[in-house]
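Asks: Going down the list, the protein sequences come from chains A and B. If you're matching positions, the first sequence starts at 1 in the working numbering and goes up one per residue. If you're matching positions, the second sequence starts at 621 in the working numbering and goes up one per residue.
Honestly, the hints are just simulated from the structure, not real lab data. Heads up, some of the hints might be wrong.
[To be verified] Computed footprint of chain A on chain B, listed as stretches where at least three residues anywhere in the stretch have a Cβ under 8 angstroms from a Cβ of chain A: (1) 732-744; (2) 853-860; (3) 919-931.
Where is the CB? At the ideal position from N, CA and C, for every residue including glycine.
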Amino acid sequence: MITVSQRREVGEFRKRYRWMALFVVLVFGGIIIRVAQVQLFQRDRWSGIAQQNITKTLELPATRGVIRDIAGRVVATNRPSYDVYATPRLLLSEDVDRIASLMGLSEQDRAGLQTRLDELPPSRRTHQLELYSDIDREQLAALETHLAELPALDVVTVPLRDYPYATLGAHLIGYLNEVNAQDLERSPDPSTYRSGDRIGRSGLEKRYEPLLKGSRGFRRVVVDARGKALAGTRPDSLEVEMLKKPVPGHDIQLTIDMRLMEAFDRAFRPHPSGAAVVVDIHTGAVRALYSKPVYDPNEMSSGLSTKRYAELTGDPFRPLIDKTMYETYFPGSTFKVITALASLEDAVVDPMQRIECMGSMKIGRQKFRCSKRHEWVDLYDSIVQSCNVYFWELAEEVGLERITRYAEAFGFAEQTGIGVNSEAKGFLATREWYVEHYGAFRIGYTLNTAIGQGNTRVTVLQLAMANAAIANGGTLYVPQVVQNVKAPDGSLSETFEPRIRREVGVSPQHLDLMRRALHDVVQEESGTAYRARNKDGVRVAGKTGTAQVVSRKGRSEESSSAWYLDRSHGWFAGFAPAEDPQVAFAVLVEHGGSGGASAAPIATSVMQQYLSEPEPTEAE
Amino acid sequence: MAIGRTIRDDFDWPLFIAVSTIALFGVLNLYSATEGGTTSDAYVQQLYWLILGFGVAGLTVAIDYRYFERYGWVIYGACILALVLVFGLGRSVRGSTRWIALGGFSLQPSELMKIGLIIALAKYLHHDTKTGGRTLADLIIPGLILALPMGLVLLQPDLGTAMVLAFIFASVMMLTQLKMRSVVTLLATFVVAAPVTWFYLLKDYQKERITAFWDRLGGTQADILDSGWHTHQSLVAIGSGGLTGKGFTQGTQTRFRFLPDQHTDFPFPVWAEEHGFLGAVLLISLYLFLVLWSLRIASQAKDRFGAVVAVGVGAMIFWQTVVNLGMVSGLLPVVGMTLPLFSYGGSSLLSTMLGLGLLMNVSMRRFSH
Numbered sequence: 001m002i003t004v005s006q007r008r009e010v011g012e013f014r015k016r017y018r019w020m021a022l023f024v025v026l027v028f029g030g031i032i033i034r035v036a037q038v039q040l041f042q043r044d045r046w047s048g049i050a051q052q053n054i055t056k057t058l059e060l061p062a063t064r065g066v067i068r069d070i071a072g073r074v075v076a077t078n079r080p081s082y083d084v085y086a087t088p089r090l091l092l093s094e095d096v097d098r099i100a101s102l103m104g105l106s107e108q109d110r111a112g113l114q115t116r117l118d119e120l121p122p123s124r125r126t127h128q129l130e131l132y133s134d135i136d137r138e139q140l141a142a143l144e145t146h147l148a149e150l151p152a153l154d155v156v157t158v159p160l161r162d163y164p165y166a167t168l169g170a171h172l173i174g175y176l177n178e179v180n181a182q183d184l185e186r187s188p189d190p191s192t193y194r195s196g197d198r199i200g201r202s203g204l205e206k207r208y209e210p211l212l213k214g215s216r217g218f219r220r221v222v223v224d225a226r227g228k229a230l231a232g233t234r235p236d237s238l239e240v241e242m243l244k245k246p247v248p249g250h251d252i253q254l255t256i257d258m259r260l261m262e263a264f265d266r267a268f269r270p271h272p273s274g275a276a277v278v279v280d281i282h283t284g285a286v287r288a289l290y291s292k293p294v295y296d297p298n299e300m301s302s303g304l305s306t307k308r309y310a311e312l313t314g315d316p317f318r319p320l321i322d323k324t325m326y327e328t329y330f331p332g333s334t335f336k337v338i339t340a341l342a343s344l345e346d347a348v349v350d351p352m353q354r355i356e357c358m359g360s361m362k363i364g365r366q367k368f369r370c371s372k373r374h375e376w377v378d379l380y381d382s383i384v385q386s387c388n389v390y391f392w393e394l395a396e397e398v399g400l401e402r403i404t405r406y407a408e409a410f411g412f413a414e415q416t417g418i419g420v421n422s423e424a425k426g427f428l429a430t431r432e433w434y435v436e437h438y439g440a441f442r443i444g445y446t447l448n449t450a451i452g453q454g455n456t457r458v459t460v461l462q463l464a465m466a467n468a469a470i471a472n473g474g475t476l477y478v479p480q481v482v483q484n485v486k487a488p489d490g491s492l493s494e495t496f497e498p499r500i501r502r503e504v505g506v507s508p509q510h511l512d513l514m515r516r517a518l519h520d521v522v523q524e525e526s527g528t529a530y531r532a533r534n535k536d537g538v539r540v541a542g543k544t545g546t547a548q549v550v551s552r553k554g555r556s557e558e559s560s561s562a563w564y565l566d567r568s569h570g571w572f573a574g575f576a577p578a579e580d581p582q583v584a585f586a587v588l589v590e591h592g593g594s595g596g597a598s599a600a601p602i603a604t605s606v607m608q609q610y611l612s613e614p615e616p617t618e619a620e
Numbered sequence: 621m622a623i624g625r626t627i628r629d630d631f632d633w634p635l636f637i638a639v640s641t642i643a644l645f646g647v648l649n650l651y652s653a654t655e656g657g658t659t660s661d662a663y664v665q666q667l668y669w670l671i672l673g674f675g676v677a678g679l680t681v682a683i684d685y686r687y688f689e690r691y692g693w694v695i696y697g698a699c700i701l702a703l704v705l706v707f708g709l710g711r712s713v714r715g716s717t718r719w720i721a722l723g724g725f726s727l728q729p730s731e732l733m734k735i736g737l738i739i740a741l742a743k744y745l746h747h748d749t750k751t752g753g754r755t756l757a758d759l760i761i762p763g764l765i766l767a768l769p770m771g772l773v774l775l776q777p778d779l780g781t782a783m784v785l786a787f788i789f790a791s792v793m794m795l796t797q798l799k800m801r802s803v804v805t806l807l808a809t810f811v812v813a814a815p816v817t818w819f820y821l822l823k824d825y826q827k828e829r830i831t832a833f834w835d836r837l838g839g840t841q842a843d844i845l846d847s848g849w850h851t852h853q854s855l856v857a858i859g860s861g862g863l864t865g866k867g868f869t870q871g872t873q874t875r876f877r878f879l880p881d882q883h884t885d886f887p888f889p890v891w892a893e894e895h896g897f898l899g900a901v902l903l904i905s906l907y908l909f910l911v912l913w914s915l916r917i918a919s920q921a922k923d924r925f926g927a928v929v930a931v932g933v934g935a936m937i938f939w940q941t942v943v944n945l946g947m948v949s950g951l952l953p954v955v956g957m958t959l960p961l962f963s964y965g966g967s968s969l970l971s972t973m974l975g976l977g978l979l980m981n982v983s984m985r986r987f988s989h
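Take the sequences, apply the hints, and build the full model.
Replies: Shown next as structure tokens:
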């Protein structure tokens, strides 16, 4: 079959081999270049993914610092919450039904879960996603028995914030809720907060968030492509850290005494709303910051429904407002002490000089009424019996400027600097302010200011701090609520020394006179708080006050409680024990009427309990 | 015939060593890929297939290839018949019918068809008296020789094998001269045929793979969970191997089952992950050698039939290797193509060994008359 012509044709083919060989070499060369690109130049990137592929990172949440009161009683701590996480990439379609039946989900919730998973962008599908938090015991038991068949699921035990005193002190302690977009943006280190984390949203939880928080850790496990954990396997090529222990947050010890807070809570039982502050007169350490009513911090941290939020904001007793420092009130007669000191210091009055109170006073065509006819009273009597007429007479002599100046010295119309939550400044009206707002200045404004009405607004905390200065001889302190901060290992990392705002600049004998007068408000039969005294008990000194309320009629006409909401607020502010002052206080009973009848009994009974029991010591 | 004497003298050792080395690497790689899994004895089966394959190749070598030329049409016809039988007796796996059961094992006639096509084309060209430029009319008969099996394979459907058949045909026809006018006409036909193929012939999953491929080439982040997932994991395996690899049986992508079909279509990533760039280059070089060597054998062949067979077998190995490597390294879309000699699979190995037997046959009989 082989002929010469065929041999020649093979020769004709031969021309092509060279080109074919060249083509083959070029194509293989191209493949080698590609492999070199992937293996040599992109190696780190692919290695990273390979390691990510076979590791599953389980987050180890940090334990948030515990908050204790002065005696070591726990006010904010953590309890275990069982949270369900899923790695969406590993979820099989039937797993959703499985989870729904184990968790006992309604059809609607099941559909919701499906939607959530479906809407996830592909880039997030390899990351764990929190499906449910704080599941109940039954759900936990059901899931745990079937966990081996659901490799995509993890049940993680996470510490959840718990407040053993429930609502007591909630404004001060605050609450946590989920981080939002702004929190994540603000956080300097992106790993600090992740979506789903909780962040201190108010009170101390917010103020000390960086200290309380701690930092999260993680544990990595080796998994196969289906997410099954392979215990004890660790490929040599795995170069990542497998364990990082979480660092717990710092613990905080407060100056607050929860026993005192409880005593206030009991004493306030007859009244729907009010506030009380107790401070150590020698340090400014706050022993109680009590505001009633309170929201439930647990409710706040789980996120309020619009309806519930409307309920809280519509509540006439304003549970969302911290009445110790965010709300301002007329100080009423408790302010007479300031007016009296202003007069004494600038020697515009002879304290021994008596005037006659006829039960009212006429200035121009206006008639100002006193609480009763006090007959002949001097400065001391007019404090003890709270005679307005005396102070009106005095006001004309002393003038608005002096009153305002001394009020400012005692810290009014200025934030106290407590450093937790928002604090109101309060208000002291000047002559210029009256001209601007009322057209002209009239003497009546000074008269009202002298007895704590008019346009004077104070916070309960300011009044307590001013009384502390009166009791300690004229030192105005910055109120402090934190005693110390402890590192996770138990060592003290920060302590808080007393901070003096200023010396009020009032002579000791004038302060002494005031202290004696305040003593007799309670101890003398003629005193306005005589009936609230502790017979044979702790002697309490203080000034009563009854502050008029700006009529709310226009606002709450339909409300059945309108009559109540128009009643005056009752005040009692002072110190105890009277003979050797340790603490100063201010008690406000909203719509309590007369301060002597509403606020004073609360103050005296709480002081009785607090000061007759042994000094609180820290439970170790 | 003086074969008994020339076998010792003319035995093509380089060809034998290259083939044996690749096959041995393949078995080792298979052992690593399946170690500890449910198919951990696959490498033993592969060894059996390999022994069978070498036996078949030995038989093929023993018979003078001119007998294959003589019975060329019979062989081609038998392969076509087997392809037709697939539709009657075939076993369906993952939506396509490719296998027929033959006693205890299953056979893939489309694999044998590659050899059938090579022999048929060789026989046709051997008897073709033309030596100058060819017109399109001259391509009609070889075109029909291709079209019949290719059509049957596409019906299964097995896009990968159909492509290999087309590539073998094109490579072989490159040996002959085409007139410029014919080249232009062919290109024009392709331009018309491409959209028709896309809209009427390709199945949805095939289209999806191709679009995923283009998405990735174009830089748009394709959804790695769907069609791009395989390529993505393959690149992870290859890339994380680095220069020297993670070591034998130490590939994490392999051991933790991130590679799809790791012992059939994706054995190269397993190899590259464990043996690194150096191992990858060694393996690719062996294939390069094999293809170049087949061209050398073709150039030394004593007749047209031998030359076409050598080029056809070389083309078969070349295109499968290139498509497989291109696919696993993300240069080509995932089409489902085995790496010859290296992938697990009896039929594929058998047809490859059959082809290599023919190659050795041509090589050893280049001088004998």
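Asks: Now, for every hint given, state plainly whether the structure supports it.
Replies: Here's how the hints hold up against the structure:
1. 732-744: It is violated: at least three residues are needed, and the stretch 732-744 of chain B offers just 0 whose Cβ sits closer than 8 angstroms to chain A.
2. 853-860: With 7 residues close enough to chain A, the hint holds.
3. 919-931: holds (count 7)
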